[in-house]
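These protein sequences, in sequence, are chains U and A.
Offset between the first sequence (1-based) and our numbering: plus 890.
Offset between the second sequence (1-based) and our numbering: plus 1314.
If you're looking for bench data, these hints aren't it; they were derived computationally from the structure.
Don't be surprised by glycine CBs; every beta carbon is placed ideally from N, CA and C.
Treat the hints with care, as some may be off.
What the hints assert, rightly or not - What the simulated footprint calls covered on chain U by chain A, stretch by stretch (three residues with Cβ under 8 Å from a Cβ of chain A suffice, anywhere in the stretch; the number is not a length):
#1 918-930
#2 1169-1183
To be verified - Below 30 Å or equal to it, Euclidean Cα-Cα: the simulated DSS-like pairs (lysine-lysine) are:
#3 K1361/A with K1599/A
#4 K1019/U with K1812/A
#5 K1429/A with K1051/U
#6 K1429/A with K1615/U
#7 K1400/U with K1117/U
#8 K1398/A with K1031/U
#9 K1591/A with K1529/A
#10 K1031/U with K1463/U
#11 K1690/A with K1512/A
#12 K1249/U with K1235/U
#13 K1486/U with K1019/U
#14 K1051/U with K1806/A
#15 K1266/U with K1211/U
#16 K1117/U with K905/U
#17 K1398/A with K1615/U
#18 K1361/A with K1051/U
#19 K1735/A with K1051/U
#20 K1265/U with K1235/U
#21 K1361/A with K1391/A
#22 K905/U with K1510/A
#23 K1019/U with K1429/A
#24 K1031/U with K1429/A
#25 K1103/U with K1087/U
#26 K1107/U with K1031/U
#27 K905/U with K1806/A
#28 K1735/A with K1031/U
#29 K1690/A with K1031/U
#30 K1486/U with K1398/A
For reference, the chains in residue letters:
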Amino acid sequence: MSARKKRISLYDQVKETLNEIQGSTVPSYQGLHAFWLDPEVFLNASLYGQRLIAPDEKKAGHNGPHNTKTSGSSCCGGSSQASEDAATDSNPVTDPAVAAVEQPPTEIFIGDCWPSGGSGGGGGTPGDKRSAASGIIIGLKGQYPFDGSIFPPLLWDTDNKATTQQIELIAGWIDAGCPLTIEEEDNGSAKAVSLVKVRNQKLALAHGDSLHKASDKKTNQDTRKSKGINIRKEISSLTPAELDTYREALSCMYRYNDFWQDERSYDFWARIHTNSCQHGWEQFAPWHRMYLYFFEQKLQDYDANITLPYWSWSEYADQNKTSFKNTKPDLGVLPEAVGCFLTPKGLGQLQNAKGPDGKSLFTAKQISNLESIQKKGTIYNSGLRFLKAAGIPYEIINTNGDAAWSDRVRTVYNVLREENALWFPNRWPGAMGGPTSYPTKKDIQNLLSLETWSDFGGGPSYDHHFGSLEKVHNGMHNFSGGTNANYPANNNKWVGIYEKLGLTADPQSKENPPFGWMTDNRVTAFDPLFWSHHSNVDRIWAKWQELHNGQPEEMNGVLAPWSMTVQDSMSIKKLGYKYVRHYVHHDVSSDYGLVKFNSEKIKVSDSTLQNHEKLEIKLHRVRRGNLPNASIRVFLNAPDANIDTPTEGNDHFVEEISLFHGSCYGGPGHCNLPLDKTRNFDLRNLHHHEPRNYVINATATAQKLLNNGAKDMTVQLVVVGIDGKPIDNALYIDGVSLNFID
Amino acid sequence: MSKAYTTFKIHPGIGIARLGNTEDDFYLCPEQLGALPIACDELGREKVDANGDLVRVSQFKDANDLSKIKKQAARFKIFAYSGKEGEEGEEITIGGTYDFIYETPVMAPTLVRGKVTDIDWTVHVANKKASWYEFKETDGMHGYGPKHPLRNPKVDKPDQRRQLIIDPGPLTVNLKNNRGEFAKFGSEPKKKDNSKYKKVSYPQTFPPSDIKPHKIESLGSLIVNEQDKHCRLIVLGGNGNSGSTKTPVITSFVNNNGWFDDISDGPVTATIHFSFKQKYYDGDKEKTKTVNSTMDVQVPAWVIVGYPRYAPQMQDMITMDEKMYDLFVREHAYDPQVFGVAPFDEASNSPQTAAEWETWRNDAEYNPDYYPKFYKEIWTMLHRPDSYKYSYDFDFFAGSDPHNRGTGGNLSEEALSQVPKNGEDPYFRMRQFVYMIMRQHDEMNEYVVTSDQWPTNAKPRLMPMLCGNNPLSNTSPEKFLAMTQTQLFFLKQWMKGKFVNECEEWNDGDANCTNPWANPPTTGIGIDRGVLSNVLGGAFCPGGEISWIVDNPAIYSEPYRIKHATYLAGALSIPKPIADKDGSNAPNLAEGMEPGDMTKFIGIPWQADFHECTTQDVDVTYRGWNNIYLDSDGDPAEQDIAYNVPWWPAHRPIVVSEGPNSPQVYWASGIPPNNAGDLQMVQAWKDLGFLLATGEGINTAFYQQERNNDALGDPVTPGNRVLGQSIGESTEEDNN
């Protein structure tokens, strides 16, 4: 310790800073002179009615270490009220003969009594930080009344102006509880040093000196925090945490499956499809939209951040070029998220699995294979392929006349399902019988280019026909279910096996059906892939809706079993979600006016970079400082962008947004942020002061950069005052997000 | 949003010229409180000494002729504002470039960067006094009733009535045509006119040429000069001529039928000539040509001609700047930190719509946490009364010194400037004493302190002990003057100890600091306010240069700007009862003011009222009455009179001295305080002396100079009652 450079206490730094700003001439400061040098004065005194350091609310009511003055001879009382009293005591006003004429008035401050959503960051009243209510900070910042209207900015009688860093140092010291020594700093519960550090970090971020990291929170956590709607992402874009939560929720639902009317049971939801699904006419798309909506709501009861990810089939078209156009089954490729794999935990379960004889269920060779599978982390598109890799034969036994999995198969399948609730055993993706075609991007484009609802979505009950969307959808049902190669009708070898086992081939078989369950609309929803498949169907419809005006003929048609009509399904935004392939969020602190936003390199998968059609940059909850207007220049991959960076002819420049607003006028608190909308029957429109969002289309700029070989992406926002100069109190935002939309 | 074009404003917003009777010798209007006028050359270009400081005038008459008073010119400048927040603006230059709007009849307005080549200044002054209503104290302040008597009531035909207006028509001058004369066509002065449209006729109206004792052929003149590339306008007023169509007699201090004087006022506007290079194509070739165009100055001004300022450095108890400031603070959110809605910052006090203004006016209040600046907002008032001992003898029998600013005095600067420090406030009682004797607005008719809380039985007189807007009649009496509400608010804060001594805090620790605000103004608004600070701000009965109309918020387009009305040439408005006869224009305040509308309320001829505004005996028997008839039946009262209450000791000196060792004498010695004296004043105004200040701070003294004893005789000492001479106790008449 002694060898290190001597640590200087915060208070000494504060004194040094103020000495430096003041210079050699110290004005009277109402007789306080260099008030910062005497802690007793600094902490308790008022300068022309402005308390230099706001009283510590936490200590009000009892005497803290710094407010021990009781004498009436000083105006340095423990609180502003006490200070008034002290002044009164020493005043001749208390002489009753003189006093009645002009008593110092009893001033009752009515103040801001209405609850609000808190400070609007610059636009509203100062936050409840102690520093923000302290005259020294208000004065150094040159805020009212130190804006020259009543008093000039502090310090007085000097040409030196406090820098933002200097002000932050002092503010940090105040918010740390004004420790006077290093010991107080270290003992103080406020952790003075780290507080100052946090403030400096925030400031560095607001000036673009530090890079904003992408949020590692769940997407819907970020969107909800910025009061946006939920996002359904492509299933490959889910973060591990998001995927885990989704799987946990499904696993949980599986546990209630024995309680067949319990809405928490997964099968309860799967049976709704069995009983009520609408196919082959115009209610296909609306009905399934509502179906997903209600299922998703249930999942959100489990965890509010869950949305149903979509499976963008066409992105897997290259890999499935041959798998579908083939007579060989079970060659198809599905999103990895729904495949089967082994974790150490699952491996352990299998290693320890014992047969009825008490011996290991699996051979040493099989165990070794499983270990290797776990080690490699390979993900298999079907359970059958997993078994093959593990060298475990697919065995069927006769259980009371029904075909059933052998103990080994069942044990593996149980573990795989536990490992990944999105995997399903009766799934052999690939060809179903004869070769068919797999939808490519071009096919989806063609689908989207259909002009009429009738072509796209189908006909009404009195003139019903399949819409093209549904036709493509049908094919993908079949592809994802596929053909069971171990069913007698599909494989002569198995005719013999069935005969040997005394089993009759049963198309309704639960454990060895001829085709995957996805292919059969009675049982399709039992396969959890169903939801991502239909999420994609719904997305394509939503996209088509953006492009075309067509809609079902019967808008009042009821979508049983819900008391909802076709009309209710027409807007996904009204249902609280939208589709974004990949979403990257950056939290931004609105404690400081944004001068420059500079993001770290954003990790975006190659497939996202290749497959997005549109890149939107969204500025969340933008608030303006009270008076100055400003504009925001948006750049991509220009970490050094500043006010002088050219915008014309600059491949990195996206757009300049001008802010526009008037000053805020009303009673105390009027300019604060509005309350959150929490009341059920609050049908009012958007509140005047609700912070707004900006959406910037950066597609062209991003494409240009990607075509020139860029592998990552960074975002820069540069805030420019109307005079073309930097401005640090014009813009306050809560977040910046990148929305890769396909 | 910032606007791209430049805003041009004329400063001062209200310029003040003053009458004089020299040929060409004049000086420029002072632009700060209590400052001497600015010396200039024959074109009105200011003189600057070797240090770059303005040369000040200290001789107010012709060097060789004490019966010739120099005129004071109103000088106008144009400032450019680019619309930035907090911008102070700067005076435009010939050759300077600004963002102009260029439009032609066939082209949409475009923005061009143009170079100033010249400025057309247009001024239209008139005198409407004879055509207006009679002045009856406060009656008319809130509009005239249909039966309110007119001056010259027998002239009741609209066309004839309009002939009572002196209207020389507008004049336009610029750098090429740089002299204009508000004179009658064919008259001698008109020969000097080379104004831009001098060949364009106008239906002028002038009084008959045989009015006595002085005919009126001109209301003044205009000059354009260029100094340091700045193009400025000089407005000169009339010659002080007053005359009557009848045998000249004065029967009233304000309303004399048949009389005219050459006071005037009116709008000042300007059009800027600019040129710019325009690209065009001749076939495929790009060429440039120079285009000349003009743009009107968006924020025009007004000029008012007043009587000579005989004590130019002596400050009025309430200046016109303070009077208007009070109005703008309370009505126009001019200084929200003083008066507004909490939290009293700019952002919370920027109402835009009519509804917002209404809410604002309902909710706004004085800011209980406002800290007035001692020298700027407190001492500026409190030091004034002490200087009046050089223009008025407070108590010429006892010779007391109630306003002493020195150590131990009631108004000791040293004591009253002390801010409470560290909880110690040794001078609280002194401040409280001063505040308690200040007259509040509900005490306009009170003579002495009324509060039961006053610690002694002897109740002192309320201050200021000056006449109010109506100490004469029983209709809405306002017997005494009260400081403006804003001034009283400043004093209240100060009394409580809520004030800042700016010398201690912001003036580089200068121990000798006495007035940190003493530098000449450089900003447009500084000039606006500085010019008005030497104009009388009350009482208005009818007032000095202008009257109580300044209290009406409707006459302003923005703070310190008179709203311009549109009007037809030769058809200026006349009082409604007569205008209604032929459907011609009657004044409408909501539409703005016309030439002559600001000065028409003042007495005619001005010399009568001015002469009589010395002191007044005010009846203080009953609060609401000023006239009681002791001879009538049943009046039980013993009349109680407050004698010798002064009117405007800084504008109309009463008792003066010629030097530290000279006796006090009546300023108007030789002119009796009666109607005959009023008539004499029509001639004698030019022979009276001026008061010049000597010394600094509390040692400032004002002594008379340049009195024309050849015309008026030697001055008379109070108490020395010489036959027919003034005893200084003139009383204004009432109109009843």
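Structure-based check of all given hints:
Residues of the region 918-930 of chain U lying with their CB closer than 8 Å to a CB of chain A number 5, which satisfies the three-residue condition for coverage. Under the rule that three or more residues need a Cβ within less than 8 Å of chain A, the assignment of the region 1169-1183 of chain U is violated, with 0 such residues. Restraint check for K1361/A and K1599/A: the C-alpha separation of about 51 Å exceeds 30 Å, so the hint is violated. This hinted pair checks out: K1019/U and K1812/A have alpha carbons roughly 27 Å apart, not beyond 30 Å.
Our distance criterion of 30 Å between C-alpha atoms is broken by K1429/A and K1051/U, whose separation comes to about 38 Å. Restraint check: the Cα-Cα separation between K1429/A and K1615/U comes to about 27 Å, which is no more than 30 Å; the hinted pair holds. At most 30 Å may separate the alpha-carbon atoms for a hinted pair to count; K1400/U and K1117/U exceed this at roughly 45 Å. Distance check on the hinted pair: K1398/A and K1031/U sit about 21 Å apart at the alpha-carbon level, within 30 Å; holds.
As the CA atoms of K1591/A and K1529/A are separated by approximately 52 Å, the hinted pair breaks the 30 Å bound. The straight-line distance between the Cα atoms of K1031/U and K1463/U is roughly 43 Å, outside the 30 Å bound, and the hint therefore fails. Restraint check: the Cα-Cα separation between K1690/A and K1512/A comes to about 47 Å, which exceeds 30 Å; the hinted pair is violated. Restraint check for K1249/U and K1235/U: satisfied, since their Cα atoms lie roughly 20 Å apart, inside the 30 Å limit.
Taking the CA atoms of K1486/U and K1019/U, the gap is about 24 Å. The hint holds against a cut of 30 Å. For a cut-off of 30 Å, the pair hint linking K1051/U to K1806/A is broken: about 33 Å separates their Cα positions. Taken as a hint, the K1266/U and K1211/U pair is honoured in the structure, with Cα atoms around 26 Å apart against an allowance of 30 Å. A hinted pair counts as satisfied when its Cα atoms are at most 30 Å apart, and K1117/U with K905/U does not qualify at roughly 43 Å.
For the given pair, K1398/A sits about 13 Å from K1615/U by alpha-carbon distance, which is consistent with the 30 Å threshold. As the CA atoms of K1361/A and K1051/U are separated by approximately 38 Å, the hinted pair breaks the 30 Å bound. Between the alpha carbons of K1735/A and K1051/U the distance comes to roughly 26 Å, so the proposed pair stays at or under 30 Å and holds. Distance hint between K1265/U and K1235/U is fulfilled; the C-alpha atoms sit about 12 Å from each other, no more than 30 Å.
Among the hinted pairs, K1361/A with K1391/A is consistent with the structure: their alpha-carbon atoms are about 16 Å apart, no more than 30 Å. Between K905/U and K1510/A the alpha-carbon distance is near 68 Å, which puts this suggested pair outside the 30 Å criterion. Under the criterion of a C-alpha separation no larger than 30 Å, the hint pairing K1019/U with K1429/A is inconsistent with the structure, at around 53 Å. Taking the CA atoms of K1031/U and K1429/A, the gap is about 40 Å. The hint is violated against a cut of 30 Å.
For a cut-off of 30 Å, the pair hint linking K1103/U to K1087/U stands: about 17 Å separates their Cα positions. This hinted pair does not check out: K1107/U and K1031/U have alpha carbons roughly 35 Å apart, beyond 30 Å. With a CA separation close to 36 Å, the supplied pair K905/U and K1806/A exceeds the 30 Å bound. Between K1735/A and K1031/U the CA atoms are separated by roughly 25 Å; this keeps the pair inside 30 Å, and the hint holds.
Annotation: proposed proximity of K1690/A to K1031/U holds, straight-line Cα distance about 25 Å (limit 30 Å). Of the pairs offered as hints, the one joining K1486/U and K1398/A holds, with about 23 Å between alpha carbons and a cut-off of 30 Å not exceeded.
Of the numbered hints given earlier, the model fails hints 2, 3, 5, 7, 9, 10, 11, 14, 16, 18, 22, 23, 24, 26 and 27; all others are met.
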